[in-house]
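So the chains spell out like this:
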Amino acid sequence: MDKNEMRQKHILIVGSGIAGLSCAIECAERGMEVTLVSPFPSERAQSVLAAGGINAVLDSHEEGDSIESHIEDTLKGGCNIAGKESVRGLCAGAPERIKWLEKIGTVFTTDDNGTIMRRAFGGQSHKRTCYCGASTGKQIVTSLVMEARRYEGLGLIKRRFWMDFYEALIMDGVCYGAVFYNEATADLEMIAADSVVIATGGQNALFGKTTGSTLCDGYAAGRLFMQGVELKNLEFIQYHPTTLETAQKRMLISEAVRGEGGRLYYEEDGKRIYFMEEKFGERGNLMPRDIVSKTMESTGKDIFLDITFLGKKEILKRIPEVYELCLKYSGIDISKQSIPVSPSVHFFMGGIAVKNNHETNMKNLYAIGECASIYHGANRLGGNSLLAAVYGAKVAACSIEKSALTDETMYQEVEAIFQKDIDAGRAKLNEGRQSQSVFPAVYIRDMLAENMRKDLGIVRDEEKLKKGLDDVTYYLSVADKIKYDKSEMPFLSFSLTGILNLAKATLLSAMFRKESRGAHVRSDYPDTNDLYAYPSIVCFENGEFIVRLDKEGEYER
Amino acid sequence: MNVKILRQASPFSKPYWQEFTYERNDNQTVAGMLDELNYKDDLKDKDGNPAPRIQWECSCLQGMCGGCAMVINHRPALACETFLRDIKGNTVILEPLKKFPTIADLVVDRGIIQENLKKADTYIEEYKGGNYEEYEHMYSAARCLKCGLCLEVCPNYKDGANFYGAAFANDCYLISARSAIRKEENKKAYDAHFAEGCSKSLSCVDVCPMQIPTLASIAKMNRKS
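Protein sequence lines, in the order shown, are assigned to chains G and L.
Our numbering puts the first sequence at residues 1 to 557.
Our numbering puts the second sequence at residues 1 to 225.
Just so you know, these hints were derived from the structure itself, not from any lab.
Incorrect hints may have been included.
Result set (BS3-like, lysine-lysine): computed pairs, CA atoms no more than 30 Å apart in a straight line [said to hold, decoys possible]:
#, chain 1, residue 1, chain 2, residue 2
1, G, K466, G, K486
2, G, K103, L, K220
3, L, K128, G, K317
4, L, K99, L, K200
5, G, K158, L, K188
6, G, K328, L, K4
7, L, K200, G, K467
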């Protein structure tokens with residue numbers, strides 16, 4: 001037997017939300033050894049906020065629905081730039097994923113016979129969104145944590161907490177592991193692995209407080225980008241149409257409210273104008289999110305969402321979380337009053353570019369969940385993100401299972417080879433500890449977010465984008481020179497350059513796409529242009545940012 | 001208003017009290033207040049002395065992740081859903097949860113919750129469907145944030161060495177309702193690490209941010225003996 005075959009394959013997964021947990025379980029099920037790393041337990045992951053549901057055409061589907069129809073809706077919703085083959089896999093694989101989630105104990109909402117209920121969701125020709133009340137993500141996380149625990153007991157999954165991603169170990173286009181900042185030891189720690197899976201979620205920090213978690217900041221994608229990993233479709237940022245402003249953040253009002261019949265309107269001369277229905281007909285309130293947000297913005301009016309007609313009893317039964325949230329944070333009783341809503345940043349269609357097997361342009365480095373860009377094209381349909389998280393996790397695990405073990409000699413020497421990078425990182429952290437400054441890194445994050453909200457809003461133009469680029473370029477030029485308040489978590493300062501580079505790459509991608517498509521709306525190029533009917537790819541070479549279109553489908557195989 | 005915080009620089013350093021002044025806004029939550037204190041300006045205590053930034057844990061800011069559990073005016077609660085309008089008087093006192101080791105300021109290590117669930121093998125293994133009449137209860141139990149508020153307030157829970165508390169009892173109920181083959185084993189663990197130690201003060205039910213009907217979980221677990 002070759003000595004390589006003696007060792008169990010070791011997989012390092014960064015991030016423990018739905019994608020990371022699912023991938024850990026899938027790898028463990030295939031006999032691989034997994035280290036699952038995250039700063040906090042899975043209960044804190046953004047996944048728990050996912051409300052509405054998860055799409056799948058089950059055997060018990062609505063009449064006339066089919067997997068073909070799910071594929072078509074997804075591609076069309078994404079404005080025809082998502083890879084056909086990967087989307088086919090996603091939709092065809094969906095029923096099996098739902099059965100799997102049910103089997104590991106997810107409490108889906110069912111009828112009296114145990115058949116999973118479906119609700120209508122935006123941009124879909126049929127009711128195919130399976131759900132667990134209005135806390136689908138949370139219910140899935142609970143069952144995944146339990147299932148992962150089973151493999152923890154068997155010693156196949158090892159969970160590590162208080163660990164912040166620092167950088168990947170990459171040499172000559174191959175990934176050998178990653179480095180973390182261990183908050184318990186206040187030191188950098190290297191973990192070698194045969195494959196690394198990034199599952200760190202979206203890029204919220206670019207915009208400050210979004211509907212999501214403050215823990216999803218995009219740093220991992222930004223840092224990997226600086227290490228040569230290509231990013232894709234960054235300009236496509238989903239503004240969710242219905243969010244509620246509160247004193248501490250913008251809160252998501254689930255699409256489930258419109259799925260249950262909720263109507264959008266504004267008031268004019270004391271009369272309600274149901275503008276979505278007037279413009280798009282009966283199903284107007286359930287148009288894809290990009291279209292609803294754009295249309296709301298174009299009215300220039302205060303918009304309201306009405307669900308009162310459902311009655312308190314049905315509201316409490318079907319969308320209790322929405323009822324509780326509005327009452328608690330805004331004092332609004334949605335069974336009696338309409339909800340004041342406006343669009344806000346919610347989801348990033350763009351992210352780490354991955355091929356159909358979820359591998360990046362670096363060998364043995366994978367990305368899954370929201371941080372990866374693959375299925376959603378220029379706009380994501382509600383209910384497809386949870387699906388992408390659990391489906392992509394399985395695809396990655398299957399691909400990793402087939403990949404070869406890292407050469408044993410190399411595996412043993414990883415630490416020695418990358419030692420000088422670690423030393424450099426440590427020196428920098430030490431320097432930070434000596435700082436006498438009272439300037440917090442958070443100020444730069446806040447300024448960045450303010451710029452991005454202004455310059456990369458729902459409607460963009462060259463002038464705004466250029467201004468945004470100037471500002472970000474300036475922050476980048478000073479971020480490394482400033483000394484920061486050492487009483488902040490070190491992560492906040494060492495993550496700045498990665499986040500700023502990601503912001504710059506995003507602005508450049510938005511400038512490059514001189515057309516309007518899906519969530520990317522430009523007032524100076526209002527039409528869709530076939531010349532741009534491809535994903536955009538951005539890479540970082542010797543300090544230069546290079547944007548191109550993937551016309552050859554490099555990432556669609 | 002006056003904000004009094006029990007601070008601690010690191011797991012091994014000595015805790016101390018520090019006071020701040022904050023312009024009261026009744027619609028703000030304790031979490032929002034901490035954010036404003038930390039980052040509106042350079043942080044100074046109420047006497048004008050420079051103070052280190054206040055460490056606290058947060059993720060969702062809407063009562064759905066359990067990150068910001070702390071003791072607010074002597075009552076364990078989530079900072080992001082405790083509004084200043086509900087604070088009586090003009091002082092808010094913040095302390096870290098005391099039944100867990102402090103990492104820094106208001107950040108504690110609640111790893112013991114996961115550790116104990118792991119030790120007791122709290123998982124389904126083989127799923128059993130049905131029980132649809134119990135749907136609401138299962139759904140509710142599965143909403144547990146593992147935030148630790150129920151353990152903080154519990155008169156029986158100390159450090160989790162033997163008695164695991166309400167968070168554990170609710171997970172046990174989920175296993176018993178959904179597992180085809182682990183019921184017996186699960187019941188044994190429940191008896192050893194919950195039933196024998198619970199004095200039914202039910203203070204856990206009062207503080208639960210998800211309003212999980214722990215009493216119903218206990219009743220069903222006891223019946224299933």
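Here is what the structure says about each hint:
1. For the given pair, K466 of chain G sits about 33 Å from K486 of chain G by alpha-carbon distance, which is inconsistent with the 30 Å threshold.
2. Restraint check: the Cα-Cα separation between K103 of chain G and K220 of chain L comes to about 22 Å, which is no more than 30 Å; the hinted pair holds.
3. Restraint check: the Cα-Cα separation between K128 of chain L and K317 of chain G comes to about 24 Å, which is no more than 30 Å; the hinted pair holds.
4. Our distance criterion of 30 Å between C-alpha atoms is met by K99 of chain L and K200 of chain L, whose separation comes to about 19 Å.
5. Restraint check: the Cα-Cα separation between K158 of chain G and K188 of chain L comes to about 26 Å, which is no more than 30 Å; the hinted pair holds.
6. Pair hint K328 of chain G plus K4 of chain L holds up; C-alpha atoms about 25 Å apart against a cutoff of 30 Å.
7. With a C-alpha separation of about 62 Å, the suggested pairing of K200 of chain L with K467 of chain G is violated against the 30 Å cut-off.
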